[in-house]
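2 protein chains.
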Amino acid sequence: MALDNIHIDYFKQLLGEENAKIDSLHKVAYSYDATRESREPDMVLFPRDEKDISDILKYCNENLIPIVPRGAGSGFTGGSIAAQGGIVLALEKHMNKILELDTKNLIVRVQPGVINKDLQNFAESHGLFYPPDPASENQSTIGGNVSENAGGMRAAKYGITKDYVVAIRAVLPNGNIIRAGKKTIKDVAGYNIAGILIASEGTLAVISEITLKLIAKPKIMRSAMGIFDTIEDAMNAVYKTMASGVTPVAMEFLDNLTIRAVESKFNKGLPTEAGAILITEVDGNLEEEIQYQLELIESRFKENGCIEFKVAKDSKEGQDLWFARKNASQSISIYGKKKLNEDITVPRAKLPELLERIGEVSKRYGFKIPCFGHTGDGNVHTNVMVEDLKDLDKGHEAIVEIFKIAVELEGTLSGEHGIGLAKAPFMKLAFNEDEMNLFRSIKNAFDPNNILNPNKMGL
Amino acid sequence: MALDNIHIDYFKQLLGEENAKIDSLHKVAYSYDATRESREPDMVLFPRDEKDISDILKYCNENLIPIVPRGAGSGFTGGSIAAQGGIVLALEKHMNKILELDTKNLIVRVQPGVINKDLQNFAESHGLFYPPDPASENQSTIGGNVSENAGGMRAAKYGITKDYVVAIRAVLPNGNIIRAGKKTIKDVAGYNIAGILIASEGTLAVISEITLKLIAKPKIMRSAMGIFDTIEDAMNAVYKTMASGVTPVAMEFLDNLTIRAVESKFNKGLPTEAGAILITEVDGNLEEEIQYQLELIESRFKENGCIEFKVAKDSKEGQDLWFARKNASQSISIYGKKKLNEDITVPRAKLPELLERIGEVSKRYGFKIPCFGHTGDGNVHTNVMVEDLKDLDKGHEAIVEIFKIAVELEGTLSGEHGIGLAKAPFMKLAFNEDEMNLFRSIKNAFDPNNILNPNKMGL
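If you read the protein sequences in the order shown, they are chains A and B. Mapping of the first sequence onto full-length UniProt numbering: position 79 corresponds to residue 79, and the numbering continues sequentially without gaps. Mapping of the second sequence onto full-length UniProt numbering: position 103 corresponds to residue 103, and the numbering continues sequentially without gaps.
Careful, some of the hints might be misleading.
Same chains, same names: a pair is fine if it fits in one copy or spans any two.
[Stated by the list, open to error] Taking lysine-lysine pairs in the DSSO-like style, the calculated list, with each CA pair at most 30 Å apart, reads: (1) Lys240 with Lys97; (2) Lys12 with Lys316; (3) Lys157 with Lys240; (4) Lys240 with Lys363.
None of these hints come from the bench; they were simulated from the model.
Just chain A, with the same shape it has in the complex (with noise of 0.2 Å):
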């Protein structure tokens, strides 16, 4: 059903032609996220301000209109998809600036649109420092990373984004307008709306205003690299490090595939005969707390098959050793013409086994499933190459096995991505009738026309 002419004349009058898109340039470029599905909206808006939000949200629930918040539209689960059309309320183009520093509280207030690298970047030219990275932090949203409350490669030391969001404003389906949190590290009157709206995936309120905590920048970082024959060994390596006493702020894991990979593509001498490797960064402020993490983690991984353990002596070896696992995802794509990703999540001390069953339903299948990602808080990313496209079903029926052994082994179908559109079928895997009515009696509190971000999240 398209956009009636009227309602297009009204987002003109009010935005400004110039804010207010229906040529289809505008609404293919909006009309899809990274899993390259798509549905183009019947327009696109660039609101300017809370203001413009709040009217164009209160015009569409009023008239029943679909409308989609968007950041950079780099998800991997089509959160950002206009899946009825509708408008995309793309939040990137004026929404994007960053408000105030305050160095005295340490915290920062931003607009939704503002890009995570960027963020990064203003915190540490003022010393400080802001953790979640994903990997799309030079395209992702801040406004994105909330909305799927993002993680990164930080996050076993340093948590992920709703750890670091200390107040939210937002614009509810009414055009009500309201503020959740305070710049306070403590505050509890009233109920936890700043919590509910984190991870929410734009189904519940546009998020117009983050305020974010900020942290002091650590001195010294360091990283090290351990080499195992066999992926269990290096599981076993990593549940047992983070067991000990020192949590490294990233412990990050390729198997074997992926080495293979990375080594085809770039040559970079990596040991292509590893069951896994396992690459990891401390800090600290004194060289005494870097050898002290360092010797802990290398004698964990002795006593679990750890066959090499190198320490970059600077930040370019430190690069170095990263090089691999940062090109992990572009290159394992040798193995099949589509590869069907997953961010599935189990407690730490079920990878050995999570990773073995894997590996069984890769064998079953006759699909190559290369494995890397943030082993230190238990989240892989698996992917199904599918190298005939006709095999996309049997892909899709692999999913839904590793979906289940995830969730057997008190794990979740996302430890990052979200829901979205493309877990939305596999919700029911994970929760029973009584959890998904709640979830729908949630979205009807906030949302009760269900004009946000509809057909999402399984609801």
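Assemble the complex: chain A is given as a structure, and chain B must be docked to it using the hints.
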């Protein structure tokens, strides 16, 4: 309106006479909390398990019987008082077990009636650490801590209850049992139900099981104290220390009135002329880390007017330094029969202004207002001491002034005690009507018949 006999009989049948009480001994014992306000319930029920909770709630929901979950009744805002009579659901008698310790994943699973300190001790006996330590730690239960999002002295470094909750099982008013969250650090599937249950004061669901993150226990802890001529100096020292890159475990303060109260009661040789003292604690695994932190704190303190800085040589001396802080609350009773105790919180850099303006309120109203508390996170316990009970209304007026100041300084009505009954009238100072309506919609999504802890939070 008393409870019908038919309902009383149903509950006796369901739980056995020993777990369904209507005698006045029980009704009185479960009528109050730490506010000393009270209202007798019609019946006190002791569920034996989650199934009992579900049966009870379902029945209450169908018969519109108000029901209030209760842990230890140690709250400061009347959160567990049966404001409309009906049933008190007492969880401390049977549902007080630690169900599982998972040392591989550093996770513990507990029933809601477990006492905070018992959990801390249990964790410590396994070399692990559960940091949240509300002043009520010897009485208050984990279920209560989660329901109020309790803080404590260690919040500056280690955060508050919410930072340790990874999963919750809860019973909805309709009797449905739901699971929220996973044993994983990251989980973004579905709405963050655990996030909204935390701090919801028992108004949305009855929490039947809680899974908490534990951390490794740091090997070394050390306490120190700084003495300041003026409260402004001390408050400046607090926020400048916290912004300098070191994060002490605790950063507590006592003002002059509080110091004098403790001294007059215990004769410990405290500096009764000091404007304020700050008591701090640092921890780590290496002596070098401890020294680094203490030196940084000492220099920030001295740059901000600290006239004496004392480091505890051992844990005995550490306990001596903490004595004044631990006995602050009871000591200030010398200033008045009735203590109107609030826990406002502001961004740390606003502490000097907050304390100055509280001083003005004290002068204007003629009440002594001793202050102490968790300055590391901006949380100040203000105590309006009313000597003559006929001045109680005036005392409450002073409290309203203090709330207004906190909100003006971008702070919150409550850092850790919650809203309950005591602060319900002041919700409108902090939230506008749109925000209150959103709270009501959420309440209605969980509890459409309003049976669960009604009349709380100003809803």
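Hint check:
1. Lys240 with Lys97: Between. Shortest inter-copy distance 27 Å satisfies the 30 Å Cα cut-off; intra-copy 43 Å does not.
2. Lys12 with Lys316: neither (52 Å within a copy, 72 Å between copies)
3. Lys157 with Lys240: Cα proximity of Lys157 and Lys240: in one copy and across copies (15 Å, 25 Å).
4. Lys240 with Lys363: Result: close within a single copy only, 28 Å intra versus 59 Å inter.
When the structure is compared with the earlier hints, a violation turns up for hint 2 alone.
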